[in-house]
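Trainee: Model the full structure from these sequences, guided by the hints.
Listed below are the residues making up each chain.
Protein chains: 2
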Amino acid sequence: MTKQELVENIQRKRSFLCVGLDTDIKKIPEHLLQEEDPIFAFNKAIIDATADLCIAYKPNLAFYESMGVKGWIAFEKTVRYIKKNYPDQFIIADAKRGDIGNTSAMYARSFFEELDIDSVTVAPYMGEDSVKPFLTYQHKWVILLALTSNKGSYDFQMTEDQNGVRLFEKVLRKSQEWAGDEQMMYVVGATQGRAFEDIRKIVPEHFLLVPGIGAQGGSLEEVCKYGMNKSCGLIVNSSRGIIYVDKTANFASASRMAAQKVQEEMDIELKKYNL
Amino acid sequence: MTKQELVENIQRKRSFLCVGLDTDIKKIPEHLLQEEDPIFAFNKAIIDATADLCIAYKPNLAFYESMGVKGWIAFEKTVRYIKKNYPDQFIIADAKRGDIGNTSAMYARSFFEELDIDSVTVAPYMGEDSVKPFLTYQHKWVILLALTSNKGSYDFQMTEDQNGVRLFEKVLRKSQEWAGDEQMMYVVGATQGRAFEDIRKIVPEHFLLVPGIGAQGGSLEEVCKYGMNKSCGLIVNSSRGIIYVDKTANFASASRMAAQKVQEEMDIELKKYNL
Numbered sequence: 029m030t031k032q033e034l035v036e037n038i039q040r041k042r043s044f045l046c047v048g049l050d051t052d053i054k055k056i057p058e059h060l061l062q063e064e065d066p067i068f069a070f071n072k073a074i075i076d077a078t079a080d081l082c083i084a085y086k087p088n089l090a091f092y093e094s095m096g097v098k099g100w101i102a103f104e105k106t107v108r109y110i111k112k113n114y115p116d117q118f119i120i121a122d123a124k125r126g127d128i129g130n131t132s133a134m135y136a137r138s139f140f141e142e143l144d145i146d147s148v149t150v151a152p153y154m155g156e157d158s159v160k161p162f163l164t165y166q167h168k169w170v171i172l173l174a175l176t177s178n179k180g181s182y183d184f185q186m187t188e189d190q191n192g193v194r195l196f197e198k199v200l201r202k203s204q205e206w207a208g209d210e211q212m213m214y215v216v217g218a219t220q221g222r223a224f225e226d227i228r229k230i231v232p233e234h235f236l237l238v239p240g241i242g243a244q245g246g247s248l249e250e251v252c253k254y255g256m257n258k259s260c261g262l263i264v265n266s267s268r269g270i271i272y273v274d275k276t277a278n279f280a281s282a283s284r285m286a287a288q289k290v291q292e293e294m295d296i297e298l299k300k301y302n303l
Numbered sequence: 029m030t031k032q033e034l035v036e037n038i039q040r041k042r043s044f045l046c047v048g049l050d051t052d053i054k055k056i057p058e059h060l061l062q063e064e065d066p067i068f069a070f071n072k073a074i075i076d077a078t079a080d081l082c083i084a085y086k087p088n089l090a091f092y093e094s095m096g097v098k099g100w101i102a103f104e105k106t107v108r109y110i111k112k113n114y115p116d117q118f119i120i121a122d123a124k125r126g127d128i129g130n131t132s133a134m135y136a137r138s139f140f141e142e143l144d145i146d147s148v149t150v151a152p153y154m155g156e157d158s159v160k161p162f163l164t165y166q167h168k169w170v171i172l173l174a175l176t177s178n179k180g181s182y183d184f185q186m187t188e189d190q191n192g193v194r195l196f197e198k199v200l201r202k203s204q205e206w207a208g209d210e211q212m213m214y215v216v217g218a219t220q221g222r223a224f225e226d227i228r229k230i231v232p233e234h235f236l237l238v239p240g241i242g243a244q245g246g247s248l249e250e251v252c253k254y255g256m257n258k259s260c261g262l263i264v265n266s267s268r269g270i271i272y273v274d275k276t277a278n279f280a281s282a283s284r285m286a287a288q289k290v291q292e293e294m295d296i297e298l299k300k301y302n303l
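Protein sequence lines, in the order shown, are assigned to chains L and X. Mapped onto my numbering, the consecutive letters of the first sequence carry residue numbers 29 to 303. Mapped onto my numbering, the consecutive letters of the second sequence carry residue numbers 29 to 303.
By construction, these hints were calculated from the structure, which means they are not laboratory data. Using N, Cα and C, we set each Cβ at its ideal position, and we do this for glycine too. Possibly wrong hints are sitting among the right ones.
[Claimed, not checked] Covered stretches of chain X, going by a simulated chain L footprint (3 or more residues, C-beta under 8 Å):
| no. | stretch |
| --- | --- |
| 1 | 75-85 |
| 2 | 137-149 |
| 3 | 181-190 |
| 4 | 198-207 |
| 5 | 221-228 |
[Stated by the list, open to error] Calculated pairs, DSSO-like style, for lysine-lysine (alpha carbon to alpha carbon, straight line, at most 27 Å):
| no. | chain 1 | residue 1 | chain 2 | residue 2 |
| --- | --- | --- | --- | --- |
| 6 | L | K54 | X | K160 |
| 7 | X | K160 | L | K168 |
| 8 | X | K168 | L | K105 |
Mentor: Here you go:
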């Protein structure tokens with residue numbers, strides 16, 4: 029998907045919501061456990077209930093891998109289901125990969141070639157040659173971890189170098205040598221508040237993938253205030269706040285209501301910025 | 029596996045070699061492609077040919093994931109085969125994972141509970157709460173990326189903070205607050221030469237997992253000179269230099285010869301240090 033297409037989807041759907049498919053067999057409604065593939069059955073119901081309200085889906089690979097082969101099958105079925113039925117959705121494989129060049133190339137092949145996924149989250153610790161293999165595919169995206177939403181983000185990401193540049197700022201600067209805003213996005217946690225201002229000084233045009241509203245406590249309004257740009261520039265993710273609001277047979281419509289509430293707030297924010 | 033058991037295995041087998049199972053369907057001998065599961069068939073042959081010469085196997089998940097469900101099946105079969113037939117082998121899932129707490133917990137469940145693997149490589153960028161869930165399992169190990177073997181290691185890992193502490197040094201120091209040398213190891217690339225001296229000042233007792241000899245150009249002798257400690261303290265990995273030395277029907281015995289050559293060098297190094 030191109031940046032232009034993504035922006036058009038956001039404007040048309042009045043939403044920049046990404047639904048995080050962090051599907052955990054221990055948390056889905058009990059009646060689904062009778063299904064042949066409970067994880068896929070859950071995902072399909074959530075997707076069908078929310079697809080007109082969001083512009084992206086983000087399965088987190090950890091949840092699928094924790095179930096071994098079965099989980100991997102459910103992951104692939106989910107991706108194929110979205111691509112076939114909702115081709116305007118931007119799919120993010122939240123994998124946080126990053127390895128030496130020849131190994132990153134294997135991951136890129138897996139996500140971009142085998143599954144035709146739009147984007148992969150990548151960890152920056154190993155530097156340029158761990159990221160570059162993901163950048164050889166046209167209209168495919170790297171979403172690089174910059175400043176994450178968790179408490180541990182303070183351990184290393186906030187470390188200042190001798191010029192007072194924090195590590196996440198160095199990641200933002202350095203990675204712009206590898207690709208521009210048509211191929212790279214950054215993960216910035218919604219819990220990071222005012223840091224968005226500093227980040228927008230370094231990457232004014234890029235899209236940011238923002239996890240951490242809802243269960244993790246970030247505020248949508250604050251994220252928009254400091255993070256939105258003239259193309260919106262934000263994909264805001266909610267996982268637990270949407271997919272686990274109800275555990276009855278009614279779970280899908282409850283998820284729809286939760287997604288709709290966020291979408292309506294997003295519409296207000298988009299209007300504030302004349303989008 | 030405990031540290032004590034690992035050290036005993038090294039002394040008994042006169043080896044601290046880890047064979048990296050970076051198995052790529054495009055690189056294995058052609059005649060194996062007729063097998064039902066060519067990846068597992070290749071791994072099994074390599075393992076049977078090298079198990080008495082090495083103390084660890086390290087499948088890199090990227091290679092298996094790039095094949096989707098089939099790859100994941102081959103990975104699980106490989107792990108189970110090693111555990112059943114060579115229970116003294118230390119198994120490293122080279123996954124370079126690291127995510128927010130609840131997600132890292134899913135990965136930990138996958139590797140340590142479902143598959144009973146001994147250790148997982150973890151990326152430190154997201155800090156404490158991304159690592160800690162891996163530390164709740166007795167006799168299971170986190171192998172944290174510190175200073176990797178690739179060119180990109182210079183992009184961020186070498187960045188000095190305001191006290192002149194490099195990021196990889198900060199990772200070594202900070203992570204010692206989370207676990208000791210009975211539960212944590214560090215990845216240090218063989219290509220990093222003299223940095224081993226600085227690293228041993230910070231983590232004198234820990235085991236280091238050292239990739240990068242062979243294809244990547246690191247020297248075993250230099251690694252031992254600066255990195256070995258009184259318990260050996262080194263697991264040195266070779267992947268391409270062992271598993272892909274021959275593409276004929278004779279590949280397994282060729283791999284054995286390559287492994288034996290490294291093991292003999294390791295025996296010499298161990299003797300130098302009275303081990």
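Trainee: Would you list, in rising numerical order, the hints stated earlier that this structure does not obey?
Mentor: 1, 5, 7 and 8
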